[in-house]
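Protein chains in written order, with our numbering: chain F, 1 to 366; chain E, 1 to 401; chain Y, 1 to 289.
There is no bait here: all hints are sound.
Under the rule of at most 16 Å between Cα atoms (straight-line distance), these lysine to aspartate or glutamate pairs were calculated in the EDC-like manner:
#, chain 1, residue 1, chain 2, residue 2
1, Y, Lys112, F, Glu54
2, E, Lys199, Y, Asp21
3, F, Lys152, F, Glu75
4, E, Lys95, Y, Glu192
5, F, Lys133, F, Glu95
These are computed hints drawn from the structure, not numbers from a lab.
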Amino acid sequence: MASVTFKNIKKTYKGDVHVLHEISLEVKDHEFLVLVGPSGCGKSTLLRMLAGLEEITAGEIYIGDTLVNPLPPREREIAMVFQDYALYPHMTVRENMSFGLKLRNMPKETIDARVQEAAEILQITSLLDRRPKALSGGQRQRVAIGRAIVRKPKVFLFDEPLSNLDAKLREEMRVEIAKLYERLNATIVYVTHDQIEAMTLASRIAVMHGGYIQHLGTPIDVYSKPANKFVAGFIGSPTMNFIEGKLINTGDSLSFVNDTMNIVLPFDIPFGNRKDDDLEVVMGVRHEDIYTEKKEGPKISEAISGKVEVAELLGYTKNLYIMCGSTRILTTVPAAYEKHPGDSIFLWLNLEKVHLFDKKTGKRIS
Amino acid sequence: MNPVFASVIEVFQMVFFVAWSVFLMEVYMWLHFRKYKETWFIPVALASAPVLVCVLILSAVGNAVSGSLIGWAAGLAFLLEIPAAFLFQNKVKGKWALPFMLIVPGFVGLGLLIAYPLVFEFYLSVHDLKLATLKTWSETGYLPFTGLMYFKQVFTMSPLSEITFWQLLWRTLWWTFINVSLHVAGGLGLALLLNRNMKLKGIYRTLLVVPWAMPQVVAVLAMRGEFLESGFVNIMLHRLGEWSPFLAHLGVAPVQWLSHHAFMTCTIINVWLGIPFMMVTILGGLQSIPQSYYDAASIDGASSWQKFKNITVPLLRPVIAPAVTLGTVWTFNNINVIYLVTGQAGGTEDADILVSALYKAAFTFNRYSYSAAFAIIIFIILFGVSMLWLKLSKGTESVYE
Amino acid sequence: MSNTPLKYNPKWIKFRNRAADILIHAALIAVALVFVYPVIRIFSVSIRPGDMLTSDSLAIIPQNATFLSYKKLLADTNFLRWLWNSLIITVSTSVIGVSLASTAAYAFSRFKFPGNKMGLSLLLGTQMIPAGMLLLPLYLMIMKMGLVNTYLGMIIAYSVSSLPFSIWILKGYYDTVPRSLEEAALVDGTTEFGAFYRIVLPLSTPALAIAFLFNFTSAWNEYLVARVVLADSTKYTWTLGLFELQGQFLTQWGMFAAGSILVTVPVLLVFLYSSKWLISGLTLGSVKG
Chain F
1 MASVTFKNIK KTYKGDVHVL HEISLEVKDH EFLVLVGPSG CGKSTLLRML
51 AGLEEITAGE IYIGDTLVNP LPPREREIAM VFQDYALYPH MTVRENMSFG
101 LKLRNMPKET IDARVQEAAE ILQITSLLDR RPKALSGGQR QRVAIGRAIV
151 RKPKVFLFDE PLSNLDAKLR EEMRVEIAKL YERLNATIVY VTHDQIEAMT
201 LASRIAVMHG GYIQHLGTPI DVYSKPANKF VAGFIGSPTM NFIEGKLINT
251 GDSLSFVNDT MNIVLPFDIP FGNRKDDDLE VVMGVRHEDI YTEKKEGPKI
301 SEAISGKVEV AELLGYTKNL YIMCGSTRIL TTVPAAYEKH PGDSIFLWLN
351 LEKVHLFDKK TGKRIS
Chain E
1 MNPVFASVIE VFQMVFFVAW SVFLMEVYMW LHFRKYKETW FIPVALASAP
51 VLVCVLILSA VGNAVSGSLI GWAAGLAFLL EIPAAFLFQN KVKGKWALPF
101 MLIVPGFVGL GLLIAYPLVF EFYLSVHDLK LATLKTWSET GYLPFTGLMY
151 FKQVFTMSPL SEITFWQLLW RTLWWTFINV SLHVAGGLGL ALLLNRNMKL
201 KGIYRTLLVV PWAMPQVVAV LAMRGEFLES GFVNIMLHRL GEWSPFLAHL
251 GVAPVQWLSH HAFMTCTIIN VWLGIPFMMV TILGGLQSIP QSYYDAASID
301 GASSWQKFKN ITVPLLRPVI APAVTLGTVW TFNNINVIYL VTGQAGGTED
351 ADILVSALYK AAFTFNRYSY SAAFAIIIFI ILFGVSMLWL KLSKGTESVY
401 E
Chain Y
1 MSNTPLKYNP KWIKFRNRAA DILIHAALIA VALVFVYPVI RIFSVSIRPG
51 DMLTSDSLAI IPQNATFLSY KKLLADTNFL RWLWNSLIIT VSTSVIGVSL
101 ASTAAYAFSR FKFPGNKMGL SLLLGTQMIP AGMLLLPLYL MIMKMGLVNT
151 YLGMIIAYSV SSLPFSIWIL KGYYDTVPRS LEEAALVDGT TEFGAFYRIV
201 LPLSTPALAI AFLFNFTSAW NEYLVARVVL ADSTKYTWTL GLFELQGQFL
251 TQWGMFAAGS ILVTVPVLLV FLYSSKWLIS GLTLGSVKG
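Assemble the whole structure, with the sequences as input and the hints as a guide.
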């Protein structure tokens with residue numbers, strides 16, 4: 001196992017299309033790093049540059065201490081799991097898994113032993129003599145992972161491996177991958193657009209957007225202290241609520257004001273920038289930090305009034321969409337909660353968990 | 001030596017030669033794409049180019065080539081290699097190594113066998129190669145220069161004995177038009193009949209494809225045989241005349257097809273040959289039109305004719321257009337049918353189209369330079385017509401998007 | 001019920017459909033007969049007894065049908081030799097064409113090298129060159145190189161037309177093979193060429209077979225080039241041989257017909273057997289997974 005270092009990686013296509021801007025990132029040894037972001041943010045490109053499948057326009061990539069820029073994929077000691085599994089159709093599962101080892105002229109016994117071992121870990125021993133055609137999506141997925149495991153590479157690369165599976169299978173495979181990580185304690189670089197996978201599997205997450213890393217941190221870090229509005233909106237399901245307004249400094253207190261609410265933000269809640277008056281901000285607050293019953297405490301805001309727009313019953317809980325002025329806010333309540341569309345309602349915010357973002361730059365203020 | 005054995009040996013020799021040439025080319029490519037970084041690259045490249053060229057020429061033509069020719073070739077290779085070596089080292093830098101190494105054997109072959117002959121053809125067309133000058137040329141390589149004389153002759157003199165260029169051109173256009181129209185009409189009709197769930201569809205389809213599946217030589221010669229004086233067609237006409245004096249009175253009687261009605265004979269044969277291809281193509285297109293369009297039209301109250309006009313025809317266009325283009329080019333260039341039917345000694349010129357006249361002029365009358373000029377003119381015409389056609393068909397937009 | 005217009009009366013509809021069916025079948029049978037009749041005629045001519053060769057009769061199975069013509073053909077002429085010549089030339093052309101094309105098509109499919117698009121258009125353009133145009137200079141070239149009447153000359157001439165088409169077909173097929181397969185191979189440890197050779201090529205056997213088949217049939221049935229290059233009767237391909245049998249003044253009908261049948265039947269069988277392939281093969285999709 002080894003660490004991976006990206007130094008000032010840039011990627012441009014002909015015609016000045018910048019896909020990645022000066023990305024620097026270090027993946028520690030034995031770490032599970034997830035690159036997450038919407039389509040087109042550059043995460044797959046970064047992964048493929050690590051694999052040697054894309055040219056590096058500028059910058060350096062190190063695996064361990066080795067500069068891998070000039071090396072072709074086969075000399076980088078990596079293994080990759082592809083989105084469409086990429087299993088060789090004309091070979092059996094066993095042959096698929098032994099292919100890489102045969103190319104390196106390993107003795108037959110070693111190959112057989114490794115294939116057997118991987119098959120047992122992934123519970124595919126009964127499938128070893130089948131062709132990919134005869135396997136289900138989930139089984140193919142396992143074989144693809146098995147093919148990577150037998151290589152015992154320095155780094156594992158996963159390129160959106162669960163995207164082609166249905167929701168239920170995805171949940172199962174997520175658990176499998178987590179177990180695999182526990183067992184192998186490998187260095188893994190994992191690309192996905194699904195923030196749930198990122199949150200559940202990663203040791204650290206790199207949220208990417210527009211060719212930049214928006215936030216690099218542990219899942220908790222990214223969830224509770226997102227570096228900017230984009231990260232805040234991307235991570236967490238249901239999505240964070242965003243309310244636009246102004247930050248007014250009245251000298252002895254800070255207030256968040258918009259046309260329907262006026263919330264005093266107590267000084268002892270850490271807010272970085274207090275010099276500017278009337279700063280245009282976006283306040284972000286997650287559904288679990290919005291209360292529908294009054295709670296006392298200095299960290300709780302005054303009541304905000306609104307009207308219930310839609311109620312979605314999810315079984316155990318209910319999603320309430322509430323209009324406060326021109327903003328729609330989502331909060332979750334127990335299923336039995338007795339408010340219906342059209343009813344007016346009061347909300348209280350937990351000011352400790354509220355985030356403030358500069359409206360122009362999106363950057364975190366608090 | 002057993003002739004079979006001899007032929008096998010000959011083929012192996014040829015295979016070796018091709019493999020050897022490919023090998024030499026790949027050595028050259030490998031040296032330039034992979035070894036450009038070495039310090040010894042430039043001197044080795046400069047030395048190797050002439051060597052490779054000499055080896056290639058010697059193994060190809062053997063002793064039949066003079067020392068001075070080899071000297072020239074080597075010198076030329078050396079001169080060309082100077083800029084090439086620098087280019088590879090500083091500009092190309094091994095990029096695109098694999099693709100070029102993959103395509104070079106094929107394309108060099110294509111170049112030699114298509115590009116070179118084309119150039120040669122231009123050369124021929126402005127020099128004077130005919131039966132009289134052939135011997136001198138093959139011994140000394142000398143040919144008198146004639147400039148545009150032959151090009152003028154194409155328009156003024158007959159390629160064969162009587163027929164003029166303009167007659168040929170007109171006849172070719174007419175030939176193409178009539179054949180393609182009948183092909184499409186026949187193919188469309190048959191495809192429409194076949195496009196339903198019927199029991200014997202497979203058998204019909206198989207039988208109707210026979211004219212296309214047969215070797216063309218057999219098909220055409222056999223059909224030609226039927227149009228001879230003693231052939232099937234005349235027998236039938238004779239019997240028809242006997243059976244019904246009324247028809248005989250109208251003029252139904254055996255006819256000299258090949259000498260008096262050559263064009264019609266060739267057309268009939270070519271239509272018989274060409275309908276299956278159109279039928280198969282159109283049938284494929286018909287089957288790809290989703291039934292839901294027709295169902296919607298039925299609900300809207302359309303009649304069969306309306307459905308045909310408004311659904312089938314527009315949706316078939318993307319299928320028919322390329323097929324018609326292909327068919328037109330093939331028909332325009334169709335030497336086979338006409339030559340096979342009228343090409344033997346004593347055959348008529350009345351059915352000739354441009355390309356068959358070209359072939360006859362070149363190989364039956366040995367008027368090489370004339371034919372070269374002729375060929376160039378035909379190509380220009382064809383090219384011009386294709387460009388026109390492409391422009392016109394791009395004007396009609398695709399129906400689906 | 002008796003007031004429903006005739007158009008919608010179920011009995012009438014049934015009758016009308018039946019009638020339409022019968023008419024359609026009748027039309028198809030008629031056309032099919034017309035299409036196939038010449039073949040039947042050749043067959044019946046080929047089994048005519050010696051004295052009936054140029055008779056008026058239209059009978060399909062003539063009286064005293066015999067295989068004499070076949071025997072004469074095989075014994076008195078070089079027919080077998082002609083078949084052998086055709087076979088050698090055709091197989092060589094197809095093998096060369098497909099091998100060179102398989103690598104070149106891969107380059108066109110996977111790499112955006114300068115000249116890619118132009119090369120493809122050029123290939124397409126070669127198909128438009130009138131047959132006669134290349135024939136003349138090619139013939140003179142071959143003559144000058146002393147390759148007239150040799151297999152080498154023929155194969156060289158044939159490979160010209162087989163290469164562009166093979167490249168076109170194979171490129172189309174390679175385009176449908178997902179690149180992730182080659183990427184997986186690269187990561188597994190192959191070189192770029194290895195990925196092609198070990199993964200893509202084995203997967204392309206259907207397309208290779210189709211290209212081979214197309215080349216084979218066009219070379220096998222070819223006449224014009226052979227006419228120009230081959231002069232010696234022992235080196236003729238079967239197309240030239242058959243042409244010889246049907247001269248202007250002395251047509252050896254029986255042998256001609258026998259030869260025709262002997263050649264046509266295998267070709268028809270191959271065509272019919274492979275045509276299922278051809279259509280499905282050309283649309284063989286990616287093998288995802």
